[in-house]
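Trainee: Given next are the chains, with one letter for each unit.
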Amino acid sequence: MTSSNIIASTREVYDFHGGIHPEEMKSLSNQTPITKPAIPPKLVLPLQQHIGKPGKIIVEIGQKVLKGQMLAEADGFISAALHAPTSGLIESIGDHPIAHPSGQSDTCLTLIPDGEDRWCELEVCEDYLALAVNEIQRKVTEAGISGMGGAGFPTAVKLHPPKQAKVNTYILNAAECEPYITSDDRLLRERANDVIAGIQIVASILKPKECLIGIEDNKPEAILALREAVFGTDIEVCVLPTKYPSGGEKQLIKLLTDKEVPSGKIPADIGIVCQNVATVAAIYRAVRYGEPLISRITTLTGMNIHQRGNVEALLGTPIDWLISQYDYRPATKNQRLIMGGPMMGFTLMHSDVPVVKTTNCILAPGKKELPIAPPAQACIRCGLCADACPAELLPQQLYWFSRSQELEKAEHHNLFDCIECGACSFVCPSSIPLVQYYRHTKGEIRQHKADLLKSDQARERFEARQLRLDREKEEKDAKRKARAEAAAKAQATKKAAGESSAAPSGDSNDPVRMFEPKSSEVSQQEANTTPEIETVDLEALKLAWDKAQSKLDKMYDALEDAKANNPDNVAKLTRAVEKNQMRVNQAKLAWNKASETKAQPLKVETETTEQITKIESVDIEALELALGKAESKLMKLQSALDNAKPEQVEKLTRAVEKNKGRVESASLAVNQARTSTKTNNETEIELPDLPALELAFEKADSKLAKLQNALDNAQPDQVEKLTRAVDKNKVRVETAENAVLAARAMLAKTVTSTEAGDS
Amino acid sequence: MSVIVTAILALLGLAMAFGALLGFAAIRYKVEGNPIIDEIDSLLPQTQCGQCGHPGCRPYAEGIAAGEDINKCPPGGEATIHALADLLDVDAPELDAEHGEEKAKQVAVIREDECIGCTKCIQACPIDAIMGSAKHMHTVIESECTGCDLCVEPCPVDCIDMVTLDKGHAAWHWDPPKPGHIIATDKPSRIEGVSI
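Protein chains in written order, with this note's numbering: chain Y, 1 to 759; chain E, 1001 to 1196.
Calculated from the structure, these hints are not laboratory results.
Be aware that one or more of the hints could be misleading.
Computed beta-carbon distance windows for the label pairs [what the hints assert, rightly or not]: (1) Y/D477 / E/G1013: 50 to 60 Å; (2) Y/P429 / E/E1068: 42 to 52 Å; (3) E/G1117 / Y/F77: 32 to 42 Å.
EDC-like mimics (lysine to aspartate or glutamate), calculated; alpha carbons at most 16 Å apart, straight line [unchecked claim]: (4) E/K1167 / Y/D95; (5) Y/K454 / E/E1142; (6) E/K1167 / Y/D546; (7) E/K1105 / Y/D546; (8) E/K1135 / E/E1114; (9) Y/K442 / E/D1175; (10) Y/K56 / Y/D106; (11) Y/K442 / Y/E474; (12) Y/K454 / E/E1144; (13) E/K1167 / Y/D451; (14) Y/K254 / Y/D15; (15) Y/K588 / Y/D546; (16) Y/K454 / E/D1086; (17) Y/K454 / E/D1041; (18) E/K1105 / Y/D451; (19) Y/K409 / E/D1086; (20) E/K1167 / Y/D106; (21) E/K1135 / E/E1101.
Ideal Cβ placement from N, Cα and C applies to all residues, glycine included.
Full structure from sequences and hints, please.
Mentor: Written out as structure tokens, the structure reads:
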């Protein structure tokens, strides 16, 4: 072959930094024409065979589909459709292991071919070069074409260039620099015209200034075929010296244009678009014949496959089935299968994963063909990796940063410009798996960034929630304050309305303080009373008795009611009822006594003044008792009012007012009686002490009872306070009791002495 | 004599001028708050889980700034401790087991047919990542959930599970290569493939 003539290129080709020359091994598979395997018994079609969002399924399980029928449509701009590679039945939709280094599963459609291989209706277009731009774009989008070189970027996106970005150079990547792979080589040899037609279609959209084809000089037949095909067009075939990785996008651009793609940018940013040979051929098939992307040319190579070559495999063909069709005979069990080439491919975790749009090679190396790397040794800082790096990075530094997980430093050393070509690992004399470290570190950095983003989001949400809670609390406080103010105002007006009906506005939270204003009020009322009623008689006592009795009745009712509805009040009420029972008895006793003594002077008209005095003193006693009772009742009612439920307030308020009136009248009566007694008898000076003392005792006792009640129901933080208050009151009650007893004894003595004096 | 006076006056003048300048700068460029708290807070994982004993990550950041131990954050784990140690220039201690263990990232998932709509989990969630209203089914917004665990306890019907996230192959990344043997003849049978 006159290869020197063919290879001679008119165009100057530049060089890129580094690169390696691994054994090519291409002749293993490029000697035979592309074959078409039979239709496999089952096709597994992953929804995501491209970068971007997975397609949206538009068929159902059990549905019959024709060859070329769309199964999933592109979901968004950066997405790709999926079509039925042959006619058949959708058997299932579910997770199936996919060709991914992780060995994980993803959503796949399973198609059982019916063997008829019947096409659906296709949109054939003879005059494809006259088509409108958007027509071509639509056809490419609908054909579900994505980059078939390796990354799998949806092709339709590349055909929608932004208006302001002018494409200067269109580059067709036919370098195929990776060892073993010959799918592009065979495609160009056999279908160069398809490829050139594809370039013309793309060029009609992008309208670049120049169209270049970059191809390595180790493919002379393909170069010849291309040269023939481009004859008469302005497409230029640029032959490159064989060097790995000249097929890398950025490296190819450097080779052909001497331009470098800036870090973090894409070729389109400097006016260059790069596409793979197979992709362009697929574009032609789609636009010319309306054929969607349903098959691709895949290299089956490696010593374990004995019928090596290129096959046009249907997408979704299980790899284990496919290689078994081409005399796959592993030398030993568990021989690994590699998808892609020896440099950038990955070992498959499952052999039943399907062929996808990016599967350019299936490599089944023999036992000694691609030996397992020897153990890594210490880095000797030879710098060979830096010499080999096509991205002009510092692999050694990146290695240290990766090992110590210094993510930030690794990023500053432009780790993300690494194209993971593996040249550094290839040249490393210490067999350090450098590129594996970089892959891991890249993943870690991405993960770290995602975590950071998420934590920022969480922080924002947390702070927003905190603000919301604070605001709600403030609102609540403001509302509570307003309510309290309104209540205070209402009480103040009430106070003003009835001068004697001052409702205590004491803090209901403090049970000790609750009692103080009341007792002071009571004393005030006592002080305010002026003697008006002249005569003291049985009627007052009778009245007191009646009142006590009616109150007792009421209490019984309340107790019944509580038993039925409110069990926790029962104990309290029962105690109250007992006490009232006692009072009623006392009142009755007092009345009886009084009526007896009253009857006496009626019968015996000749009573001594001493006797009268005695009667009167007894009367006073009874009256004071009645007063004390009335007062304690009033106090109770008021405390009930304080704790009352809204619907009871009115009732209780009425009761309180009524009782206040009674207290007033009772205290009036007492004072009257006292003054009259005083004027009547000089000897009875000591007598008024007793009722007063009894009153005090009564008061202290009832207060104590109340406190104890409060203590029983108190909250933990109030217990201590209440206990102190109870103790104090107990002492008071005792002293009061003692005083009463002493006074009684004294009174009895006086009475007896006067009686004795009389007799 | 006059030379000394001149020198003193010149120095005095300079001192006053720079003093005024510094005084102005101190007021004009005053840093509000303690910037170290923000830096610490940015390193914490923001799960707001309260396992450190503080009611959120920022309070813990304030605690650390006030001299508290840096090893009380189980969700952050070793990585956070190291980052904090780097920032504060102290030795990185082990994670304090008293506050919990480092676990894989989880998210809360409500078994929705069992949810009675009590809103208790909504009130417990520190980042408002649970949707729902009274007597209606609740659900966790998975992308927002930090996996803090705080919603599990209040649920009266125990219908909240903490599940480890399976992000699928999109979020997968390569494991680090296994450290090889330095001497090639060492136990060759145990050498595992690290290169293709």
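Trainee: For this structure, which hints from the list above don't hold up?
Mentor: Violated: hints 6, 7, 11, 16 and 21.
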